Amino acid sequence: MSQTTTPDSRSFPLRRQCPLAPPPEYDRLRAEEPVSKVRLPTGGAAWLVTRYEDVRTVLSSPVFSADGTRPGFPTLLPGQAQVLRRPPFIRMDPPQHSFYRRMLIQEFTLKRIKTMRPGIQASVNRLLDDLLAMTPPVDLVEAFALPVSSLVICQLLGVPYDDHEFFQSRSKVGVSGQSTAEQFAAALGELRAYMDGLITRKQQEPGDDLLSKLVTEHLEPVGELRRDELLMMCLMLLNAGHETTANMISLGTVALLEHPDQLAALRENPELLPDAIEELLRYLSIADLVTTRIAAEETELSGTRIRAGEGVIALLAAADWDPAVFPEPERLDVHRGNRHHVAFGYGVHQCLGQNLARAELEIVFATLFERIPALRVAVPVDELPYKHGNLAYGVHELPVTW
Amino acid sequence: MRITADTTICISAGMCALTAPGVFDQGDNDGLVAVVLPDPPEELRKAAAEAVRLCPSGALGIR
Ligand code: HEM
Ligand code: SF4
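Going down the list, the sequences are from chains A and B. Per our numbering, numbering through the first sequence is continuous, rising by one, with the last residue being 402. Per our numbering, numbering through the second sequence is continuous, rising by one, with the last residue being 63.
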């Protein structure tokens with residue numbers, strides 16, 4: 001059976017009720033209207049996809065293109081259209097996508113990540129020393145979550161950590177649902193100028209880091225990488241690498257503290273940690289809204305016709321809470337032991353940094369709760385400032401005490 | 001059991017080596033999948049099959 005739903009005025013993104021759970025409307029959509037049309041905040045419309053199998057289909061089938069330059073590619077934030085004119089490889093299709101992704105793969109293999117662990121552990125230890133020397137309440141986002149993820153990505157890329165305040169404040173503008181197109185353009189301009197200067201410095205004095213390597217091995221005229229492409233690639237890495245992981249650290253802390261039985265199980269049996277991380281990734285699915293695509297040809301999904309050129313949003317949190325795949329999805333269960341969640345996406349764009357993120361999260365959660373056993377949130381969890389409407393969900397601030 | 005891998009499709013996500021470490025490895029330079037044990041022993045088969053199912057790019061198969 002095939003049907004087409006008329007565009008309605010349902011506003012998007014949908015509202016959450018419980019700050020840790022996906023919007024309750026996802027359940028109704030998944031059951032009754034698994035492919036449904038919504039109006040986007042930037043104008044235009046897109047199909048929301050809510051079933052696990054459909055989400056995997058959208059993310060792995062070439063019928064759905066990630067090419068951001070296609071007219072009508074769905075955007076959620078006012079400034080996104082500007083980036084999509086010349087997008088980094090996350091918004092390209094193969095074979096171009098593979099050309100860029102393969103330049104980076106070496107730095108993200110499991111073996112390479114393993115060698116980074118001692119450095120990550122040292123940073124985490126030092127940040128927790130500093131945190132414990134402060135008088136609570138302390139904002140865990142500012143004092144711990146952001147510095148951990150920024151330190152790690154800065155070190156990997158070869159970006160001076162001293163500049164983190166600069167690029168963090170500008171990137172904030174880029175991912176916020178509150179920014180105007182003008183603010184976005186200004187922030188992007190500053191970030192580009194900053195990265196351009198850094199590329200010049202690496203050309204003069206290459207170091208032992210990813211950016212230097214890209215400059216010496218791939219940048220024109222030695223290689224085929226244009227300067228503006230390198231620039232956008234680095235900005236994407238910097239952004240993808242610090243924002244998402246920081247959100248997982250802070251929101252994951254809230255989730256564990258809100259489920260004391262699960263935290264206790266984890267404390268009793270630290271071997272559960274890798275499973276617990278996968279479960280937190282599934283439960284929180286913070287990149288819910290990131291996975292946008294456009295239909296390259298007419299197709300059908302769960303009985304709904306999608307025409308060529310129509311936008312699609314494969315909702316990751318809806319897929320990861322699909323009861324057909326994850327029984328009792330609302331239960332955070334560190335024993336669930338699954339890796340088939342789509343919190344890192346699926347298909348050729350599946351997160352390049354996933355094993356780095358896993359390493360960071362393992363080290364962070366093992367160390368945080370060991371060093372600060374009495375950690376708790378200092379305000380009611382319902383009252384925390386959540387990042388509603390941001391591309392990556394999280395909390396702006398997380399006052400904690402111990 | 002015979003495990004196949006197509007390195008022209010592999011996107012080096014490393015899910016395979018993470019899920020079934022003895023069966024799969026990643027090339028040092030390109031991160032591409034390398035099948036270490038194409039016919040894994042009984043105790044590794046479950047993990048191997050799980051890895052094939054999890055591979056995001058469809059590069060792995062069982063014959
Ligand atoms: C827990 C933290 C993270 C989450 C939840 C996450 C989530 C995601 C998701 C869902 C995608 C797919 C987007 C799509 O298909 O449109 C993605 C892609 C990507 N992520 Fe992550 N990510 C995380 C951490 C990182 C880190 C630490 C890095 C390090 C640099 C990173 C770099 C990337 C890159 C480069 C891509 C694009 C891959 C491609 O298009 O081939 N991410 N991420
Ligand atoms: S899981 Fe699939 S895509 Fe990832 S490294 Fe293994 S074969 Fe390649």
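What the hints contain is simulated information worked out from the structure, not anything from laboratory work. All values reported here derive from a predicted model rather than from experimental measurement. Hints should not be assumed to be uniformly reliable.
Computed from the model, here is a short list of chain A residues facing chain B with C-beta under 8 Å [to be verified]: (1) T57; (2) S61; (3) R101; (4) R102; (5) I105; (6) M116; (7) G347; (8) V348.
In this text, a Cβ means the ideal position worked out from N, Cα and C, and glycines have one as well.
Taking the hints in turn, this is what the structure says about them:
The beta carbon of T57/A is not positioned within 8 Å of any beta carbon in chain B (closest approach about 12 Å), and the interface hint is therefore violated. For S61/A, the interface hint is violated, since its Cβ never comes within 8 Å of a Cβ in chain B; the closest pair sits about 10 Å apart. Below 8 Å, beta-carbon pairs count as interface contacts, and R101/A has one with chain B at about 7 Å; its hint therefore holds. Against a cut-off of 8 Å between C-beta atoms, the interface hint on R102/A holds, since the closest Cβ of chain B lies about 7 Å away.
A least Cβ separation of about 4 Å between I105/A and chain B falls short of the 8 Å threshold, and the interface hint therefore holds. A distance limit of 8 Å between C-beta atoms decides the matter here; for M116/A the minimum to chain B is near 14 Å, and the interface restraint is violated. Interface hint status for G347/A: upheld, as the beta-carbon distance to the closest one in chain B is roughly 6 Å, under 8 Å. At its closest, the beta carbon of V348/A sits 5 Å from a beta carbon of chain B; the interface hint therefore holds under the 8 Å criterion.
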